[in-house]
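Line by line, the protein sequences are chains R and L. So for the first sequence, the working numbering puts the first residue at 21; every next one is plus one. So for the second sequence, the working numbering puts the first residue at 21; every next one is plus one.
A portion of the hints provided could be inaccurate.
One copy or two, it doesn't matter: identical chains are merged, so the pair holds either way.
Said to hold, decoys possible - Here are the simulated SDA-like pairs of lysine to any residue, each with C-alpha atoms no more than 25 Å apart in a straight line:
| # | residue 1 | residue 2 |
| --- | --- | --- |
| 1 | Lys155 | Glu85 |
| 2 | Lys55 | Asp158 |
| 3 | Lys155 | Ser59 |
| 4 | Lys155 | Glu25 |
| 5 | Lys26 | Asp104 |
| 6 | Lys94 | Lys107 |
| 7 | Lys58 | Asp117 |
| 8 | Lys107 | Gly149 |
| 9 | Lys55 | Ala154 |
| 10 | Lys151 | Gln173 |
| 11 | Lys52 | Glu85 |
| 12 | Lys58 | Thr27 |
| 13 | Lys55 | Thr27 |
| 14 | Lys94 | Met177 |
| 15 | Lys166 | Thr90 |
| 16 | Lys94 | Phe84 |
| 17 | Lys58 | Glu33 |
It should be emphasised that the hints constitute simulated quantities derived from the structure, not laboratory data.
Each chain, written out:
Protein chains: 2
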Amino acid sequence: MAKAEKTLTDLFETTLRDIYFAEKQILRALPKMAKKAKSPELANAFEKHRDETEVHVERLEQVFEMFGATARGKTCDAIVGILDEGKEIMEDFAGTDALDPGMLAAAQAVEHYEISRYGTLRTWAEQLGMKDAAKLLDLTLAEEKKTDATLSQLASMKVNAKAA
Amino acid sequence: MAKAEKTLTDLFETTLRDIYFAEKQILRALPKMAKKAKSPELANAFEKHRDETEVHVERLEQVFEMFGATARGKTCDAIVGILDEGKEIMEDFAGTDALDPGMLAAAQAVEHYEISRYGTLRTWAEQLGMKDAAKLLDLTLAEEKKTDATLSQLASMKVNAKAA
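So here's chain R without its partners, still in its complex pose:
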């Protein structure tokens, strides 16, 4: 019997597993970044986002359930690359006033990756008729966008000014 052609349903599942892996990596990276931040506002933003990320992981588990699949990650090369770049900056700029701006930039690259993935998944969930899943994905999308806006504000104001 020929294997059935892959569909948007398969693409949805693959991408869900990709962001599930990514969120778990982010969950591990954020406390390290919070610890190294010189600015208390930045440390606070990282800690707050860590707590939100825990909720995002739970929401993804709910989406897996709605979809009728087991929640399991799939190595996401994109987030591995983004976080590796962040680590390199953290090492190269350790102890300098440019560390905070560097971590801010790394965190914004992470946020934008998530924004693209949640935007895509929400659209696909709608197209697949999964209204409740689309709502959950949209909630997380809104939070990722808000975090990115907070980081942009920090980048323009306090944190970078010190390093100039």
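Position chain L relative to chain R; hints supplied.
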């Protein structure tokens, strides 16, 4: 003599080299994606963005000049990871109706990476007093955002509808 402490200027240069490398990789990936797209609108969007990307590379070279540095790239693990994921999707979904949505999602991940980097570089250029460089970076930022919006529109309307 002790090595001078790294500053925002060094961070700016490192990140400029990172996005310069990334743009050149994107320049190579887009024609391949355009060739595989089933939807003429999507192929057209990829081709148009390829042409824009050439201009983005030239603008970066101008920014390097304003900054007084030689234009040279630095391996960007993030874009390598993002493009590798895209390639994997293109292989796994080759010949199916889900290929276009998959390539759209990959392209949006690329756009969002660029949006985060150009946003960061523009802010830093302003803080370093490089007004002309900030303007050039802002021009590209606006074009990346516009491309992302075009891709979002395509994703919501035609392209994915076929694959559902």
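Results of checking the hints against the structure:
1. Proximity of Lys155 to Glu85 under the C-alpha cut-off of 25 Å is restricted to the intra-copy arrangement: shortest distance 14 Å within a copy versus 47 Å between copies.
2. For the identical chains of this complex, Lys55 and Asp158 are neighbours neither inside a copy (30 Å) nor across copies (32 Å), given an alpha-carbon limit of 25 Å.
3. Within a single copy, Lys155 and Ser59 get their C-alpha atoms no closer than 35 Å, and across copies no closer than 28 Å, so neither meets the 25 Å cut-off.
4. In this assembly of identical chains, the alpha carbons of Lys155 and Glu25 never lie at most 25 Å apart, being 28 Å within a copy and 48 Å across copies at closest.
5. For the homomeric pair Lys26 and Asp104, the shortest alpha-carbon distance between copies (20 Å) is at most 25 Å, but the shortest distance inside one copy (32 Å) is not.
6. Taking the shortest alpha-carbon separations for Lys94 and Lys107, both the intra-copy value of 21 Å and the inter-copy value of 15 Å come in at or below 25 Å.
7. In the homo-oligomer, the alpha carbons of Lys58 and Asp117 lie at most 25 Å apart inside one protomer (8 Å), although the nearest pairing across protomers, at 49 Å, exceeds that limit.
8. Taking the shortest Cα distances, Lys107 and Gly149 never come within 25 Å of each other, neither inside one copy (40 Å) nor across copies (28 Å).
9. With identical chains, the CA atoms of Lys55 and Ala154 are never at most 25 Å apart, being 34 Å at best within one copy and 31 Å at best between copies.
10. Within a single copy, Lys151 and Gln173 get their C-alpha atoms only as close as 33 Å, which misses the 25 Å cut-off; across copies the closest is 19 Å, which meets it.
11. In this homomeric assembly, Lys52 and Glu85 never come within 25 Å of each other (Cα to Cα): the closest approach is 31 Å inside a single copy and 36 Å across copies.
12. When the C-alpha separation of Lys58 and Thr27 is checked against a cutoff of 25 Å, the pair qualifies only between copies, where the shortest distance is 15 Å, while the shortest distance within a copy is 47 Å.
13. For a Cα distance limit of 25 Å, the shortest separation of Lys55 from Thr27 across copies, 20 Å, qualifies, whereas the shortest one inside one copy, 43 Å, does not.
14. In this assembly of identical chains, Lys94 and Met177 lie within 25 Å of each other by CA distance neither inside one copy nor across copies; the values are 37 Å within and 28 Å between.
15. Taking the shortest alpha-carbon separations for Lys166 and Thr90, neither the intra-copy value of 29 Å nor the inter-copy value of 37 Å comes in at or below 25 Å.
16. Within a single copy, Lys94 and Phe84 get their C-alpha atoms as close as 13 Å, which meets the 25 Å cut-off; across copies the closest is 38 Å, which misses it.
17. Taking identical chains as interchangeable, the C-alpha atoms of Lys58 and Glu33 lie at most 25 Å apart only when they sit on different chains, with a minimum of 22 Å there against 39 Å within one chain.
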